[in-house]
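Undergrad: Chain residues, written in single-letter form:
Number of protein chains: 2
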Amino acid sequence: MRTSESSTPMRKQMQDYILSLQDQIVTAFESLDPTAPKFKRDNWVREQGGLGQSCVFSVPHGQKTESPTVLEKGGVNISVVHGTLPPAAVKQMRADHSSLPAPEDLPPKGLPFFAAGLSLVVHPRNPHAPTVHCNYRYFEITEPAVQGSTDQPKIIAWWFGGGADLTPSYLYTEDAVHFHSTLKSACDGHSTALYPGFKKWCDEYFFIPHRKETRGVGGLFFDDLCDEPHARLSGAEHPRSPSTIFGLIQSLGNAFVPSYLPILIKRHSLPFTLEQRRWQLLRRGRYVEFNLVYDRGTKFGLMTPGARIESILMSLPEEARWEYMCDVGEGEEGRETEEGKLLEVLRKPRDWL
Amino acid sequence: MRTSESSTPMRKQMQDYILSLQDQIVTAFESLDPTAPKFKRDNWVREQGGLGQSCVFSVPHGQKTESPTVLEKGGVNISVVHGTLPPAAVKQMRADHSSLPAPEDLPPKGLPFFAAGLSLVVHPRNPHAPTVHCNYRYFEITEPAVQGSTDQPKIIAWWFGGGADLTPSYLYTEDAVHFHSTLKSACDGHSTALYPGFKKWCDEYFFIPHRKETRGVGGLFFDDLCDEPHARLSGAEHPRSPSTIFGLIQSLGNAFVPSYLPILIKRHSLPFTLEQRRWQLLRRGRYVEFNLVYDRGTKFGLMTPGARIESILMSLPEEARWEYMCDVGEGEEGRETEEGKLLEVLRKPRDWL
Numbered sequence: 043m044r045t046s047e048s049s050t051p052m053r054k055q056m057q058d059y060i061l062s063l064q065d066q067i068v069t070a071f072e073s074l075d076p077t078a079p080k081f082k083r084d085n086w087v088r089e090q091g092g093l094g095q096s097c098v099f100s101v102p103h104g105q106k107t108e109s110p111t112v113l114e115k116g117g118v119n120i121s122v123v124h125g126t127l128p129p130a131a132v133k134q135m136r137a138d139h140s141s142l143p144a145p146e147d148l149p150p151k152g153l154p155f156f157a158a159g160l161s162l163v164v165h166p167r168n169p170h171a172p173t174v175h176c177n178y179r180y181f182e183i184t185e186p187a188v189q190g191s192t193d194q195p196k197i198i199a200w201w202f203g204g205g206a207d208l209t210p211s212y213l214y215t216e217d218a219v220h221f222h223s224t225l226k227s228a229c230d231g232h233s234t235a236l237y238p239g240f241k242k243w244c245d246e247y248f249f250i251p252h253r254k255e256t257r258g259v260g261g262l263f264f265d266d267l268c269d270e271p272h273a274r275l276s277g278a279e280h281p282r283s284p285s286t287i288f289g290l291i292q293s294l295g296n297a298f299v300p301s302y303l304p305i306l307i308k309r310h311s312l313p314f315t316l317e318q319r320r321w322q323l324l325r326r327g328r329y330v331e332f333n334l335v336y337d338r339g340t341k342f343g344l345m346t347p348g349a350r351i352e353s354i355l356m357s358l359p360e361e362a363r364w365e366y367m368c369d370v371g372e373g374e375e376g377r378e379t380e381e382g383k384l385l386e387v388l389r390k391p392r393d394w395l
Numbered sequence: 043m044r045t046s047e048s049s050t051p052m053r054k055q056m057q058d059y060i061l062s063l064q065d066q067i068v069t070a071f072e073s074l075d076p077t078a079p080k081f082k083r084d085n086w087v088r089e090q091g092g093l094g095q096s097c098v099f100s101v102p103h104g105q106k107t108e109s110p111t112v113l114e115k116g117g118v119n120i121s122v123v124h125g126t127l128p129p130a131a132v133k134q135m136r137a138d139h140s141s142l143p144a145p146e147d148l149p150p151k152g153l154p155f156f157a158a159g160l161s162l163v164v165h166p167r168n169p170h171a172p173t174v175h176c177n178y179r180y181f182e183i184t185e186p187a188v189q190g191s192t193d194q195p196k197i198i199a200w201w202f203g204g205g206a207d208l209t210p211s212y213l214y215t216e217d218a219v220h221f222h223s224t225l226k227s228a229c230d231g232h233s234t235a236l237y238p239g240f241k242k243w244c245d246e247y248f249f250i251p252h253r254k255e256t257r258g259v260g261g262l263f264f265d266d267l268c269d270e271p272h273a274r275l276s277g278a279e280h281p282r283s284p285s286t287i288f289g290l291i292q293s294l295g296n297a298f299v300p301s302y303l304p305i306l307i308k309r310h311s312l313p314f315t316l317e318q319r320r321w322q323l324l325r326r327g328r329y330v331e332f333n334l335v336y337d338r339g340t341k342f343g344l345m346t347p348g349a350r351i352e353s354i355l356m357s358l359p360e361e362a363r364w365e366y367m368c369d370v371g372e373g374e375e376g377r378e379t380e381e382g383k384l385l386e387v388l389r390k391p392r393d394w395l
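If you read the sequences in order, they're chains A and B.
Just so you know, the working numbering puts the end of the first sequence at 395, numbered straight through with nothing missing.
Just so you know, the working numbering puts the end of the second sequence at 395, numbered straight through with nothing missing.
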């Protein structure tokens, strides 16, 4: 199996792409708010194999800024890691990747893996401006390297995953529509089956069972996209070669700035009250609950030896709030509140387009 | 097997005790801060079987108080629940309770259980005053009820669990010593083997692996205390009958107020800076991380159908903070900070007595 029709290995193509995407996104945020502190760029190396670059925004505590910054906290991280997957992990992945060997045929140490991805979470300061998240990743499992050989080990399985979702504190229907339609356009050029399947998956994935609500107004979520049929796409045509799926990933990655920046520009300087800030912090508490209790990426990161905790937990907001039996948004009889309008959508995901 | 030498079933004895302990503790907090709002008392009923009373402290948002309240947020909850444990759960418990039937002898629906406990978390407002937690619980597994019979079903296994731990933002050695020595005294009357075993268990349990630090300065933690030998007590004599273990639980429950209130009285009105408040909120972020990612009680609660989420998550602080690559407490070369003194203890648990 070849990872790409190009002679450049997909690992390298993906790594180059996410590096340029990171730069493009960080530049867009920095240009929007020229008097704010710049994103802090940290390069790191993982002892067990891998490297990354974190670009993180925050205002150093106690530092006065000319005017309130557009962002409160945000991170745009890339990581490129490799290592060995234990047999139990390979076994789990076999359900979606039939090219992986049966448990009895696995080397006792497991199989080498490679993963490259970009992960982004941005929490703006203004309660009317939504939090946004996106993540695009490429995963490879190979045969063990042959000692002394300089050849790339043979790829046994490969796939792409990713998605983007929007988490407002106040519902602006037009913002949800803009976000979803930008993502849908990016998908549609590759297959019109993608958006409906991945939109539904997103609503299911970003669900907080103990709160019976979704994290936000959704977007896209997908995993295990490769040359095999995909359960979520119910037999529809969709990209299946490394290069065509990589094309989709690039369309989606490039859609991030146009999907989100216009919303941020429209909302970041709206006037707001202390009550609205309080509601935003309560919603950020829910964000923390989802990320720490349910998010697979966060959980996987916390359990990975040698993982860079600061990069994994950069997704957490600068501040969050929990009140006992909080009734903000529940409204009074016959009177709907702005907070209640959001809750309604979180409790019953809507089709935006 | 009988649960108690008294003719009153242990379920009832424990339920009565935790009700009176809850009242005693809430009264102590309310007396300390007479101008503060009272604890809010909520009675609730669990559809699937059970009831509880939550007593929760918070200052309603936006409400002006005469002076800052001693507590910022706190909850003292009791719950008395019963239901059916699925076979997989019973199987897991069998490691510590050999009286439970082997998996092949279990009724397909599982076995009835009963649980009664008190759980408390208090976050004071002043960064010099530590957060405190305690929990005492009784668990019973019985044979399925015989239809038409009014007899109590036979108890197959029973045990007690619990503990208390202290989480300061600033280290006052004398406070840690007072807390530990009060708990040790409560244990020593029952067996001097208890404190050393349970102190060590506490340091191990309240450990945040991804931060490589403990949640606080420890205290006691124990589980599965019953008539069988206990792995953590390395063969030492310890209470083994329902009534003697219940006696220990009462000693520990009654020790809560004397273990903590004197510390709170000493610290709640010390002057503090905004920088110290910031550090307190960062530490509260760690508290959230422990509770949502690792705490067994919280995880069990979040997964339990029909559980009362507000009571489970009342342990979360009103506010918490996360900063990327925060270096508060790391100090400069050759200069130890107050924050650094705490971190040192969290990274290397100390024997306080």
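It is possible that some hints are incorrect.
Said to hold, decoys possible - In silico DSBU-like pairs for lysine-lysine, Cα to Cα no more than 30 Å straight-line:
#, chain 1, residue 1, chain 2, residue 2
1, A, Lys383, B, Lys151
2, A, Lys82, B, Lys54
3, A, Lys308, A, Lys82
4, B, Lys242, B, Lys106
5, B, Lys383, A, Lys106
6, B, Lys196, B, Lys308
7, B, Lys308, A, Lys254
8, B, Lys242, B, Lys82
9, B, Lys82, A, Lys383
What the hints assert, rightly or not - Simulated restraints on C-beta separations:
#, chain 1, residue 1, chain 2, residue 2, range
10, A, Thr126, B, Arg83, 53 to 59 Å
11, B, Thr107, A, Pro347, 32 to 38 Å
12, A, Pro195, B, Glu146, 43 to 49 Å
13, A, Glu72, B, Cys368, 45 to 51 Å
14, B, Lys80, A, Glu72, 57 to 63 Å
15, B, Asn296, A, Pro110, 47 to 53 Å
16, A, His103, B, Gly339, 45 to 51 Å
The hints are simulated quantities; they were obtained by calculation from the structure and are not laboratory data.
Glycine is no exception: its CB is placed at the ideal position from the N, C-alpha and C atoms.
Undergrad: Against each hint, give a clear statement of whether it holds in the structure.
TA: Each hint tested on the structure:
1. Lys383/A with Lys151/B: violated (42 Å)
2. Lys82/A with Lys54/B: violated (59 Å)
3. Lys308/A with Lys82/A: holds (25 Å)
4. Lys242/B with Lys106/B: violated (43 Å)
5. Lys383/B with Lys106/A: Holds, at about 29 Å.
6. Lys196/B with Lys308/B: Status violated; Cα separation ~49 Å.
7. Lys308/B with Lys254/A: Not OK: lysine 308/B and lysine 254/A at ~42 Å, beyond 30 Å, violated.
8. Lys242/B with Lys82/B: violated (35 Å)
9. Lys82/B with Lys383/A: At roughly 28 Å apart (the allowed maximum being 30 Å), lysine 383/A and lysine 82/B satisfy the hint.
10. Thr126/A with Arg83/B: 53 to 59 Å: holds (55 Å)
11. Thr107/B with Pro347/A: 32 to 38 Å: Cβ of threonine 107/B to Cβ of proline 347/A: about 47 Å, so the range 32 to 38 Å is violated.
12. Pro195/A with Glu146/B: 43 to 49 Å: holds (46 Å)
13. Glu72/A with Cys368/B: 45 to 51 Å: violated (22 Å)
14. Lys80/B with Glu72/A: 57 to 63 Å: violated (50 Å)
15. Asn296/B with Pro110/A: 47 to 53 Å: holds (51 Å)
16. His103/A with Gly339/B: 45 to 51 Å: The hinted range 45 to 51 Å is violated for histidine 103/A and glycine 339/B, with Cβ atoms some 33 Å apart.
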